Amino acid sequence: MATETQTAVATATGDGPRRRRGGIRSNENVAGWLFVAPVIVILGLFLLLPILMAFWVSLTDWNGQGSPFTGDVPFVGAHNYTQLFTEDGLARRDFMTSIRNNFYYVAIVVPAQTALALGLALVVNNRMLKGKSFFRSAFYFPSVTSSVAISVVFLFLFANSGAVNALLGFFGIDGPEWFADSRGVLHLLFGVVGVDSPPAALADGGPLGLSWWDWLAGPSVAMISIITLVIWTTSGTFMLMFLAGLQNVPVTLDEASTLDGASRWQRLRHVTLPLLRPTTFLVLTLGLIGSWQVFDQVYVMSQGAPAKTTLTPAYLSYRTAFRDFDYGSGAAISFVLFLIIIVLTLIQRRVLAERDTDRPRRGWWRRRVPERS
Amino acid sequence: MAVLNDRPPAAPARRDERAARTLATRFLGYATLVFFGLVFLYPFVIQIGNSLKTESDAAANPLSPFPDPLTLDSFERIFAGTNFPLWLGNSLLVTVLVTIGRVFFDSLAGYALARLRFRGRNGLFAAVVAVLAVPGVVLLIPKFLVLNQLGIYNSYAGLVVPLLADAAGVFIMKQFFESIPVSVEEAARIDGASIFRTFWSVVLPMAKPALITLTILSFQGSWNEFPHSLVSVQNPDLFTLPRGLADLVSGSLGSGTQYPLKLGAALLATIPVAIIFMVFQRYFVRDANDGSDKG
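One line per chain: the protein sequences are A and B, in this order. For the first sequence, UniProt numbering begins at 1 and goes up steadily by one. For the second sequence, UniProt numbering begins at 1 and goes up steadily by one.
Because the hints were derived from the structure by calculation, they are not lab data. Small disclaimer: the values here were computed from a predicted structure and weren't measured. In this text, a Cβ means the ideal position worked out from N, Cα and C, and glycines have one as well. Watch out, some of these pointers could steer you wrong.
Here chain B is said to cover these stretches of chain A; the calculated rule only asks that three of the stretch's residues, wherever they fall, bring their Cβ under 8 Å from a Cβ of chain B [what the hints assert, rightly or not]:
1) 51 to 58
2) 145 to 153
3) 176 to 184
4) 210 to 220
5) 292 to 301
Make the full structure from the sequences, and use the hints.
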């Protein structure tokens, strides 16, 4: 027992000071495993095992009857996956539509929430203003409330006779029927310049079962209301992260550049933003990961309607499995989504790592400014 | 700005100009704050106001926060005409059990990973970090499969057990335990206390701030949890508040849009978290900085 403990200690690379052996640490091996056992069992049973099981199911045609792990369930190999990518049909059409919808959703939500969060953090961080802690809480409050409850409120705000349309009415704008309007905003923009129906070149033929015209739809009017809701709820969280980053910007640096005669904008552009880079990339990564998983809001507000323009992969996978009882395809969609998120995370990590090698240059800035003043 | 004022006075004209500019930016700052303050809070004001209105009043004046006439009708109907009391009970039960479980199990594991030297510790910690990165939404079908296979689909166990531990909580607790000086527990250990006793009566009481954080995060997380209840139960008797609310909205009520009622129910579901938030604001900040992944 004693030797065993010693090896354990020798291999451990803990951060605490390494202590010499005494009898009192001899049973830590057993205790350690006992302490972590409940967490291992729960996470293993409900996180790891499920992933393996779901992978198996994604290779079958299980319809929810009985157990998917008996010989009765037809094994279809990669068919559920090829259906999503290579075979012409409803499955691919729906899947690609959901990818398109989510793509536009991400393309708006991520930049908008990041910019808004940064802007709010800069204002709230301003030393001259009073009552900032109140506003900080106000901006963050939506993030802690239930996504379902908030979706209910936004359903009302964007209702035909809701607050948003009432507000638009003040400006003489006749608001749309938000949740019934499946027109894509890019299509609407094309309409402004007189292109109402797809030009022949775009109408038929296009990658992965959708025409070019369909790919170029942009988010639908209905999707815009979901986008608004999500930007509104997530900006507060990311504002707090930016605030934490701003606390690390040395005050002296800001003052030094002010003395140098740098304008507010120049200071933001050349001092604050470069120093906030790590936070910005964290926010972008979390935003990307989060926005490819949009589910609750879609479930409560639109269920993919109108005309499938708010369908997202996460919701589609749920619907395919639990409404159409096609668990194999549903699981396959989950796995593709899983891959999308992992690939995006890896790309972000890579970019982050490259940014980190920029550090010497940032250090150069840091040293240069006081010198010049 | 204070630094600027300490400098030898510049030409008067320039000073005036600068003072005017400072005033202008300050005004602009407040204007921005107030504008966004309204954007972020007014929806809640509308929610409260409209939950106290009649249906026709809510449809006619959605922007107004003042009900005319004021009526508690929607709240009466929430309690008498819907399963709200049942959902509330289920939510309370699930939240209490999940919170207790998470605080206890996560601290145990966090302590072991921070302090106990055992074989495989580093590998385990890496696994916990890896689990943090698993996107929750792709687990919907997988979780259902396991619950089904274990025979606890459609039961309180299915609703509670999978949520009893979470990787983020383990992470928070591990970080905190590492910040407590080792000398304290060594004294206890030399006095002959067992490992569990040292953990329970010496270290855990010192971890109060982390425990409060974890309690609040677990409360908020499990009170608001929606997708899990969607795939773990089907029986309406087991619906939690978010699940019931989603059901209510998707129109099981029959005629009319019934916005006052829906807004009222959503309001009641928000109140507990709102109170916790107002009382323990600073404990939420930690969550944000650890990178929560709210969609």
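For each hint, the structure was consulted:
1. 51 to 58: holds (count 4)
2. 145 to 153: That given contact holds, which follows from 9 residues of the segment 145 to 153 of chain A lying within Cβ reach (below 8 Å) of chain B.
3. 176 to 184: violated (count 0)
4. 210 to 220: violated (count 0)
5. 292 to 301: It holds, with 8 qualifying residues against the three required.
In summary, the numbered hints that this structure violates are 3 and 4.
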